[in-house]
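Read top to bottom, the protein sequences are chains A and B.
Just so you know, this note's numbering puts 23 at position 23 of the first sequence, and the rest follows in order with no gaps.
Just so you know, this note's numbering puts 112 at position 112 of the second sequence, and the rest follows in order with no gaps.
You may find that some hints are simply not true.
To be verified - In silico BS3-like pairs for lysine-lysine, Cα to Cα no more than 30 angstroms straight-line:
1. B:Lys-152 to A:Lys-93
2. A:Lys-15 to A:Lys-29
3. A:Lys-29 to B:Lys-152
4. B:Lys-152 to A:Lys-22
5. B:Lys-69 to A:Lys-15
As the list claims (entries may be wrong) - Heads up, incomplete: computed chain A residues facing chain B, CB under 10 angstroms, no partners named:
6. Phe-32
7. Lys-34
8. Ser-36
9. Ser-54
10. Gly-55
11. Gly-57
12. Trp-60
13. Asp-63
14. Tyr-64
15. Gly-80
16. Ile-82
17. Ala-83
18. Arg-90
19. Ser-94
20. His-100
Worth flagging that the hints you see were computed from the coordinates, not collected in a lab.
Bear in mind the structure is a predicted one, so any value in this text is a computation, not a measurement.
Even glycine gets a Cβ: it sits at the ideal position worked out from N, Cα and C.
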Amino acid sequence: MGDKQSSDELNDFEKRLSNTKKSIEDRDKQTFRKGSAYSFGFRLVTDLVVGVLSGVGIGWLLDYWLGTKPWFLLIFMPLGMIAGIVNVIRAAKSVEAQRHLEKTDATGIPSVPFDDDE
Amino acid sequence: MASTDHNTAAAGGAHGEGGMAIDPMHQFEIKRLMDWKIGGLDISFTNASLWMVIIVCVVSLVLLAGSTKMVPGRLQSLGELAYEFVSNMMRDILGDSGRAFFPLVFTLFMFVLAANMLGMLPYSFTVTSHIIVTFGLAAFVFVGATVVGFAKHGTHYLKLFVPSGVPSILLPLLVVIEVISYFTRPISLSVRLFANMMAGHTMLKVFAGFVVGMGFLGGWLPLAMMVALTGLEILVAFLQAYVFAVLTCIYLNDAINMH
C-alpha cells in the first residue's frame, strides 16, 4: 500500500520534473535563437563591410607598390564589394537550408535532400 | 601570440585617471607589467598577457580540477556541458570526418569564451577586444584550414576557387572574386569578435558614465539600462565564442569535404 503510494508520488514527481525541464529548455532555446539571430545579422554586416574594405586595401596596396594610382583601387573596390555580397548570399543560403531542414524535421515530413552549396 | 601591441595611442587614457572625466576607451589600454626585450623585439609581459595566462588557468581549472564521478559536481558538469555543446555542434557541421579537429575547436571555443566572460568582471581586461589577439586566432584558423585542405586534396584544393557551370568569359573574374572572398575570411572572423567585444564594453562604460554624471535623481534610468545591457553583453560574450567556433568548423568543413 505504502509502496504503491510512493511509486505514484515518484511518477508524479518525474512528470513535474520533465515538464519543468522542458519549459526551461524551451525558454533557453528561444533565447539562444533570438541571440543567434542577432549574431547572424552581425555576421552578415561584417562580411559585407570587410569585403569592401579588403577590396579597397588590396587595390590601394597594389597602387602603392606599382605606382599606378588610382587604377587598381578602381578595379578592386567593386570586386571586393561583390566578394562581400557573395559571402552574404552564401551565409544566408546555408542558414535558410538549415532552417528548412529543421522545419521539415519538426513536422515529421521526411526532409528533402538539398544541395549544400556553402 | 602577438600580445605586445602598443595601443596606448588608441586608448588615449592619459587624462582618464582622476577627476570625473569619463574615458570609455581607458579600459582597453595596454600596460607593461614587466619590461622585457630580446634584441630589438619587445616581448614585455603586459596586462593582456597576464589575462591570457589567467584565461588558460581558469579553463584548465574548470576542465581538469573537476573530479570524474558518475554523478558530476558543479565543476565537472560545467566541463561536461561545454564538451557536449562543442561536440554536438561539430557533429552537425562537420559530420564524423572532423573528429580529429575536436581538440582544436574546443580549445578555441573555451579560450574565446573564457576571455569574453572574464572580460565581464569589473576591473578586468578583455583580451578579445584587441584586434591583434582576435586576428592572431583567426589567422591561425585560416592558415590551419588551408594547410588541411592542401594536405587532404593536394592541388585539387584550388578547385575551390573555380565555380562550376560558368561561361568561360566570366571565369577569370569569378576566380578573382572567389579568391578575395577566401582571403576575407580571417579578416571578417577577427573583426566580428573584436568589434562586438569592443563596442559592447565601450557602451557599458558610456552608460556607467551617465549613471555617475546624472547624479542621484537622474541616474536610475541609465542604471536600469546598465543591468539590461550587462545581461545582453553576457549573451553576446557567449554567442561570439559560439560563432567563432561555428565558423572555424565551417572553414574546416570546406577544407575537408570540399563542396
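Each hint, compared with the structure:
For the hint pairing Lys-152 (chain B) with Lys-93 (chain A), the CA-to-CA distance comes to about 26 angstroms; that is within 30 angstroms, so the pair holds. At most 30 angstroms may separate the alpha-carbon atoms for a hinted pair to count; Lys-15 (chain A) and Lys-29 (chain A) meet this at roughly 21 angstroms. Proximity of Lys-29 (chain A) to Lys-152 (chain B) is assessed by CA-CA distance (about 36 angstroms); at most 30 angstroms being required, the pair is judged violated. A C-alpha spacing of about 43 angstroms is found between Lys-152 (chain B) and Lys-22 (chain A), which places the hinted pair above 30 angstroms, so the restraint is violated.
At most 30 angstroms may separate the alpha-carbon atoms for a hinted pair to count; Lys-69 (chain B) and Lys-15 (chain A) meet this at roughly 27 angstroms. Satisfaction of the interface hint for Phe-32 (chain A) is found here, the shortest Cβ-Cβ separation to chain B being roughly 8 angstroms, below the 10 angstroms cut-off. Checking Lys-34 (chain A) against chain B by beta carbon gives a least distance of about 9 angstroms; that is within 10 angstroms, so the hint holds. Of the supplied interface hints, the one on Ser-36 (chain A) holds, with its beta-carbon coming within about 6 angstroms of a beta-carbon of chain B, less than 10 angstroms.
For Ser-54 (chain A), the interface hint holds, the least distance from its beta-carbon to any beta-carbon of chain B being 5 angstroms, beneath 10 angstroms. Proximity of Gly-55 (chain A) to chain B holds as hinted, the smallest CB-CB distance being about 7 angstroms (cut-off 10 angstroms). About 9 angstroms separates the beta-carbon of Gly-57 (chain A) from the nearest beta-carbon of chain B, less than 10 angstroms, and the hint is met. The beta carbon of Trp-60 (chain A) comes no nearer than 14 angstroms to any beta carbon in chain B, farther than 10 angstroms, and the hint placing it at the interface is violated.
The restraint placing Asp-63 (chain A) at the interface with chain B is violated, with a minimum CB-CB distance near 16 angstroms, outside the 10 angstroms limit. Taken as an interface hint, Tyr-64 (chain A) does not check out: its beta carbon lies about 18 angstroms from the nearest beta carbon of chain B, beyond 10 angstroms. Annotation: interface hint on Gly-80 (chain A) holds; nearest CB of chain B at approximately 6 angstroms, less than 10 angstroms. For Ile-82 (chain A), the interface hint holds, the least distance from its beta-carbon to any beta-carbon of chain B being 5 angstroms, beneath 10 angstroms.
Here the hint on Ala-83 (chain A) is kept, as its CB sits about 4 angstroms from the closest CB of chain B, short of 10 angstroms. Using the Cβ-Cβ criterion of 10 angstroms, the hint placing Arg-90 (chain A) at the interface with chain B is satisfied: the shortest such distance is roughly 8 angstroms. At a threshold of 10 angstroms, the smallest CB-CB gap from Ser-94 (chain A) to chain B is about 8 angstroms, leaving the interface hint in force. Interface restraint check for His-100 (chain A): the shortest CB-CB distance to chain B comes to about 15 angstroms, outside 10 angstroms, so the restraint is violated.
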